[in-house]
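Novice: What follows is each chain in one-letter form.
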Amino acid sequence: MSRFGRRELLSGAALAGAAALGCGPGKDSYRIDKPSVPGGRGRAGEERWVLSTCALCDAGCGIKVRVVEGRAVKIEGNPEHPVNRGGLCSRGQAALQALYHPERVRSPLRRGGERGEGKWKPASWDEAIGEIVAKLGKLRAAGHPERLVLIDGDTASFTYDLWTHFLLAFGSPNHIGMGSARAAGVKLATLYTQGRYGLPAHDWIRGRLVLAMGTDLLESSDQAMQFLAAASVDRPRVICVSPRRPGCRFDEWIPIAPGGYGALALSLAHVLVRDGLVDRDFLRDLVSGFSAWRDQAGVEQPGFEALIRAAYAPEQTQEVTGIAAATVDRLAHALAQQRRVVVASDGGATAASNGLATGMAIAALNVLLGNSEGGGITGVQEFAVPHWEAPAVDAVAAAGTAAPRIDGAGTAACPLGRSRVQAVPAAITNSEPYPVEALFLLGTDALATLPGRKAWHAALNQVPLLVRVSSWLDESAQQADLVLPESLPLETLDVVRCAPPAGEWVVGLRQPVVAPLQDTRQAGDVIIAIAAGLGGSVGRSLPWKSYSDALAKSLPAGSVADMKEKGGRWDEPKTDLPARLSRKFEICSQAIAARMAGAADSAKASRAWPCKGLPAWEPPRFSGDALRFPLHLVPYRPVQFVENGGRFLSWLSELPLVSGNPWLLRAEINPADAARLGVAEGDQVLVQSSLGSCPAIAQVSDGVRVGAVAMALGKDGVADLVVPDEDRWSGVLAWQGTRVCVKKIS
Amino acid sequence: MLLVAVVALFAGAAGARPVPAVSPRQPLPMSHKRHIAKDMKCRACHQGVEGEALASFPTLADCMDCHKTPQGHDPAEPEVRAFATSGQDLAWVRLNRLAGHVYFSHAAHVTLASMKCEDCHRDMHTVDRALTEADMHQNMGACVACHRNRHASLDCLACHK
Amino acid sequence: MKRDPFDDDTRDSRRKLLAALAASAAGAMVGCARAVAGPSAPPVPAPSEPRRKWGLVIDLDRCARCAGCVVACQQENNVAPAGAKAAARTRPIHWMDFLPPASGSLAATPIPCMHCEDPPCVKVCPVGATYQTAEGITAQIWERCIGCRYCIVACPYSRRYFNWSKPIWPGDDPSSLNPDVAPRPRGVVEKCTLCHHRIRAALERARLDEEPLSDEALRRLPACAQSCPAQAITFGDLADPASEVARLAASPRAMRLLPEAGTRPKVIYLRESK
Numbered sequence: 005m006s007r008f009g010r011r012e013l014l015s016g017a018a019l020a021g022a023a024a025l026g027c028g029p030g031k032d033s034y035r036i037d038k039p040s041v042p043g044g045r046g047r048a049g050e051e052r053w054v055l056s057t058c059a060l061c062d063a064g065c066g067i068k069v070r071v072v073e074g075r076a077v078k079i080e081g082n083p084e085h086p087v088n089r090g091g092l093c094s095r096g097q098a099a100l101q102a103l104y105h106p107e108r109v110r111s112p113l114r115r116g117g118e119r120g121e122g123k124w125k126p127a128s129w130d131e132a133i134g135e136i137v138a139k140l141g142k143l144r145a146a147g148h149p150e151r152l153v154l155i156d157g158d159t160a161s162f163t164y165d166l167w168t169h170f171l172l173a174f175g176s177p178n179h180i181g182m183g184s185a186r187a188a189g190v191k192l193a194t195l196y197t198q199g200r201y202g203l204p205a206h207d208w209i210r211g212r213l214v215l216a217m218g219t220d221l222l223e224s225s226d227q228a229m230q231f232l233a234a235a236s237v238d239r240p241r242v243i244c245v246s247p248r249r250p251g252c253r254f255d256e257w258i259p260i261a262p263g264g265y266g267a268l269a270l271s272l273a274h275v276l277v278r279d280g281l282v283d284r285d286f287l288r289d290l291v292s293g294f295s296a297w298r299d300q301a302g303v304e305q306p307g308f309e310a311l312i313r314a315a316y317a318p319e320q321t322q323e324v325t326g327i328a329a330a331t332v333d334r335l336a337h338a339l340a341q342q343r344r345v346v347v348a349s350d351g352g353a354t355a356a357s358n359g360l361a362t363g364m365a366i367a368a369l370n371v372l373l374g375n376s377e378g379g380g381i382t383g384v385q386e387f388a389v390p391h392w393e394a395p396a397v398d399a400v401a402a403a404g405t406a407a408p409r410i411d412g413a414g415t416a417a418c419p420l421g422r423s424r425v426q427a428v429p430a431a432i433t434n435s436e437p438y439p440v441e442a443l444f445l446l447g448t449d450a451l452a453t454l455p456g457r458k459a460w461h462a463a464l465n466q467v468p469l470l471v472r473v474s475s476w477l478d479e480s481a482q483q484a485d486l487v488l489p490e491s492l493p494l495e496t497l498d499v500v501r502c503a504p505p506a507g508e509w510v511v512g513l514r515q516p517v518v519a520p521l522q523d524t525r526q527a528g529d530v531i532i533a534i535a536a537g538l539g540g541s542v543g544r545s546l547p548w549k550s551y552s553d554a555l556a557k558s559l560p561a562g563s564v565a566d567m568k569e570k571g572g573r574w575d576e577p578k579t580d581l582p583a584r585l586s587r588k589f590e591i592c593s594q595a596i597a598a599r600m601a602g603a604a605d606s607a608k609a610s611r612a613w614p615c616k617g618l619p620a621w622e623p624p625r626f627s628g629d630a631l632r633f634p635l636h637l638v639p640y641r642p643v644q645f646v647e648n649g650g651r652f653l654s655w656l657s658e659l660p661l662v663s664g665n666p667w668l669l670r671a672e673i674n675p676a677d678a679a680r681l682g683v684a685e686g687d688q689v690l691v692q693s694s695l696g697s698c699p700a701i702a703q704v705s706d707g708v709r710v711g712a713v714a715m716a717l718g719k720d721g722v723a724d725l726v727v728p729d730e731d732r733w734s735g736v737l738a739w740q741g742t743r744v745c746v747k748k749i750s
Numbered sequence: 002m003l004l005v006a007v008v009a010l011f012a013g014a015a016g017a018r019p020v021p022a023v024s025p026r027q028p029l030p031m032s033h034k035r036h037i038a039k040d041m042k043c044r045a046c047h048q049g050v051e052g053e054a055l056a057s058f059p060t061l062a063d064c065m066d067c068h069k070t071p072q073g074h075d076p077a078e079p080e081v082r083a084f085a086t087s088g089q090d091l092a093w094v095r096l097n098r099l100a101g102h103v104y105f106s107h108a109a110h111v112t113l114a115s116m117k118c119e120d121c122h123r124d125m126h127t128v129d130r131a132l133t134e135a136d137m138h139q140n141m142g143a144c145v146a147c148h149r150n151r152h153a154s155l156d157c158l159a160c161h162k
Numbered sequence: 008m009k010r011d012p013f014d015d016d017t018r019d020s021r022r023k024l025l026a027a028l029a030a031s032a033a034g035a036m037v038g039c040a041r042a043v044a045g046p047s048a049p050p051v052p053a054p055s056e057p058r059r060k061w062g063l064v065i066d067l068d069r070c071a072r073c074a075g076c077v078v079a080c081q082q083e084n085n086v087a088p089a090g091a092k093a094a095a096r097t098r099p100i101h102w103m104d105f106l107p108p109a110s111g112s113l114a115a116t117p118i119p120c121m122h123c124e125d126p127p128c129v130k131v132c133p134v135g136a137t138y139q140t141a142e143g144i145t146a147q148i149w150e151r152c153i154g155c156r157y158c159i160v161a162c163p164y165s166r167r168y169f170n171w172s173k174p175i176w177p178g179d180d181p182s183s184l185n186p187d188v189a190p191r192p193r194g195v196v197e198k199c200t201l202c203h204h205r206i207r208a209a210l211e212r213a214r215l216d217e218e219p220l221s222d223e224a225l226r227r228l229p230a231c232a233q234s235c236p237a238q239a240i241t242f243g244d245l246a247d248p249a250s251e252v253a254r255l256a257a258s259p260r261a262m263r264l265l266p267e268a269g270t271r272p273k274v275i276y277l278r279e280s281k
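Chains as they are written, first to last, in our numbering: chain A, 5 to 750; chain B, 2 to 162; chain C, 8 to 281.
In short, the hints are calculated from the structure, not lab data.
Note that the structure is a prediction, hence the values are computed from the model and not measured.
A couple of the hints might just be wrong.
Mimicking DSSO-like on lysine-lysine, the simulated pairs with C-alpha atoms at most 30 Å apart in a straight line are [stated by the list, open to error]:
#1 A:K719 - C:K173
#2 A:K568 - A:K557
#3 A:K747 - C:K92
#4 B:K69 - B:K162
#5 A:K38 - B:K39
#6 C:K60 - A:K38
#7 C:K173 - B:K117
#8 A:K570 - A:K588
#9 B:K162 - A:K68
#10 B:K162 - C:K130
#11 A:K123 - C:K92
#12 C:K173 - B:K39
#13 A:K719 - A:K123
#14 A:K570 - A:K549
#15 B:K34 - B:K162
#16 C:K92 - A:K719
#17 C:K92 - A:K748
#18 A:K719 - A:K458
#19 A:K38 - C:K173
#20 B:K117 - B:K162
Short, incomplete list of chain C residues facing chain B, as computed with Cβ under 10 Å [unchecked claim]:
#21 R151
#22 H204
#23 Y276
Where is the CB? At the ideal position from N, CA and C, for every residue including glycine.
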């Protein structure tokens, strides 16, 4: 190491020459020499700020991007935006690394050689779209439009709606979202209790106590920003219930066994009801099914209250939750005393084989305490939808959309679910209910982020046309026939649904901060081009010249143009007391009752739903023999987890939230388990499940429950350990339903 | 060898390194001498000096304010109008890029310190050709001496970034 | 090159340099560094401006540990990611860092440079690359640093970082670098600057607009404070009793790290529980 520090000084010969000329060290090490900007750089020193909407999670925070001489140099939060009020988390800010990243796909690519060989030939957009149009046209001509499947990781933008619109006109029912692998357990619970699919709207601002069930509050969920908005006003007390101590700030951590959240919620309800702590007025006026009621046939149903009193005492559930009865009692009384409570959950609590029942139990907990002073539920989050004319559906399309979905959602296999992405590989491999001829993968690197990699690999290889719409050549893209590089969110115009703190209506505008740097296109423009190529009723259904044109027509005239100035559109935040629920909250869900009335295995159904629409909570199932695999795997989403393209944002991989090298995958084990296994901090270990194994570094921590191994999703290998079991009723993926063993690798 | 190296280091730091004396090709053959001879104020074209860090360059519209009608008899002068009608972008080739570790604000010096352009850009009225980097060159010794004389900040952070 | 009437200083410094070369080489480097470019006289504040004391308050009860401040700082100040290999050798640079949870404590602690009132790092720097400004920022002049790393040893909070290798940007593409901050080369120590480039710009803007710089404008001025979604970080003038930071610093929840070290840090934490 040089004593003098500077490389320049050591080059004696050069300096001798330089000294002769009277020169110094020469090269300006501090200068930033930026490559030229496509289309010119604008005036020297020119600086502008562009408002847009972040795309790294579904919260839809408003951002403003600083552009100097044509280059984006900083992303900050938009101070006027109601979701984030000027703040921005690590993910949103790191998104800038994607824009100039060298590994971006620069143009459409066509596979040369075998699948997965990694040989690519650049193609023009016309060629790529032409190939797709040819294939899809043949499908329509053969009368099998349903054999086109779209797996779509995005739900927040109007591009999603355009795909839906296109598929209706084309004739495929297979617009398959990732909900079952994310927060469908909570969103379905909202659907069945409040009539609309989505996250419940909580009164975060006035809530004084947050009971976080299975959510870190900073994980990749919409609710992170809502919680933080509340924290910025006046900090609420936070009690986290999870098998792993959360990374966010909290006041109390209650370790719970995986899959036990539903039992805990019902036990808390039991104590509240038993000790007379519920808000009777709220329950009488705004909740149906709490007390005994008569169904349409005139038969008396017991109601939630009776079922809760009869079962779910804390003493009865402490084995399955792992939480002492006294703790449950204390917690219930703390909730009741505070009154203004938000019981928050997202996919973490419902990621087990009892996911939907858990989601409904947690939702019920929110209404038992009412919301007259704040907290609780105020409805369902409001979202904008585009106002396009309904698509023209011809006979071929009508027949196609009438076909069953390949993921079986809504059928006997999954009567209460809306999508079930983990069922796709088996469906493709078995050609059940029919073969899949074309598969589009967007907004998610399914092969890397979903469990069951081998099955996915085999299935994808069977599909004649596999198209990956993505900015990156990720694992799923490696298997594709065509890679269509979509413009990054920072280069895109779109309308986005945002998730504001108090359930009010917020629409975000996403607009390009720089012109696209590569030969990429927006997905919306690609869809329109495909429709135009197909012509006929499909072409007529998407009559716009471009996606920008479609957006202009999606909302009342001038709305999109108006939104450019503010970065979106929103109402002034409500300052009065939380809104009354607009319709009765159904603790006993009539929709479930109706759907299960004709269920194929009705005996099993009525055991699971004893009180017509009220779920009986079942203990969770775990995959893997308990002797061979004695520990429970708890995969979690760390704050830096970004599903699509996150691995290219190196600032996130390097966040200093753990001791030691942040890039490494850790298996977090309790000291008692570590002692038993002979594993010390820093040891190389192999974590094995019945499906696969994954090497990791042991982290011995009292922040993990005894009997559990916590591992961060997003790093290679963790998803491969998970056995894709699911909730039999709703299709919610049981991320926390896998047993593993841990062995030291010497 | 070490002696030479140390001399070289501080010779360099003291600003004795030579700078190119070659004029880059600018889109228009603008002569500062002729414009200053017509009693034009620097600010007329470099409008950013009063409010911004960078003294801006004139846009084509700024040039055409005067040059839309013939100004003088220079054979090169009609080039301005020809350029305007050609529809090209007027992209001046930037000469003086400050060293990466230096922050200089024209506004602070022109507006807040009430300095004149000639205090630093001394010989513009003699330059009849396109400028070179040498014409624009400033050195830290000059800055520090003036700061010392006028009791301006001698804090390193005032000018370094 | 044209003869420069302002060149007196450089000629003087060359004479001093040649004289000093009679001494040992290392000694010459130190002496001459000071002779060439000040600050030989203490900086004189403009008469109308009060002497400020910049400080930061971090409310640990509001901070959610989202690490938004870490990325904000890295982006604002052109701090390159180190990469997996360098990270294995504990070389990532985070001007705003997170201390892992201490035993008994509940969560991690965000920690920037303390900008101590009595900074130990300033005392050990052999070349005067680090010094304390009149307004209380512990400043680092990248160009003057010779990379001896004494300051890293001296800092009791370990908030200084050495560039062991040339910072690499993805694809070697510096397009998204912030033009307001110089990126540092290999061999230089760097650390949090309280975003002094933003402070300087705000002060200049206030003077140009002929408006006093309000405390409101200061509270979220550094990149970390601005990005915090929970508004847990507040910046301002501790010497101004009407400022938000001064008010928060007087809170019963206020505490400082390592008070026994005698450094008198100007980053104050607010924490209710133990």
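Novice: If a hint holds in the structure, say so; if it doesn't, say that too.
Specialist: So, going through the hints one by one against the coordinates:
no.: 1; hint: A:K719 - C:K173; result: holds (27 Å)
no.: 2; hint: A:K568 - A:K557; result: holds (15 Å)
no.: 3; hint: A:K747 - C:K92; result: holds (25 Å)
no.: 4; hint: B:K69 - B:K162; result: violated (42 Å)
no.: 5; hint: A:K38 - B:K39; result: violated (38 Å)
no.: 6; hint: C:K60 - A:K38; result: violated (36 Å)
no.: 7; hint: C:K173 - B:K117; result: violated (41 Å)
no.: 8; hint: A:K570 - A:K588; result: violated (35 Å)
no.: 9; hint: B:K162 - A:K68; result: holds (24 Å)
no.: 10; hint: B:K162 - C:K130; result: holds (22 Å)
no.: 11; hint: A:K123 - C:K92; result: holds (28 Å)
no.: 12; hint: C:K173 - B:K39; result: violated (51 Å)
no.: 13; hint: A:K719 - A:K123; result: holds (25 Å)
no.: 14; hint: A:K570 - A:K549; result: holds (26 Å)
no.: 15; hint: B:K34 - B:K162; result: violated (34 Å)
no.: 16; hint: C:K92 - A:K719; result: holds (16 Å)
no.: 17; hint: C:K92 - A:K748; result: holds (23 Å)
no.: 18; hint: A:K719 - A:K458; result: holds (17 Å)
no.: 19; hint: A:K38 - C:K173; result: holds (17 Å)
no.: 20; hint: B:K117 - B:K162; result: holds (25 Å)
no.: 21; hint: R151; result: holds (8 Å)
no.: 22; hint: H204; result: holds (5 Å)
no.: 23; hint: Y276; result: violated (26 Å)
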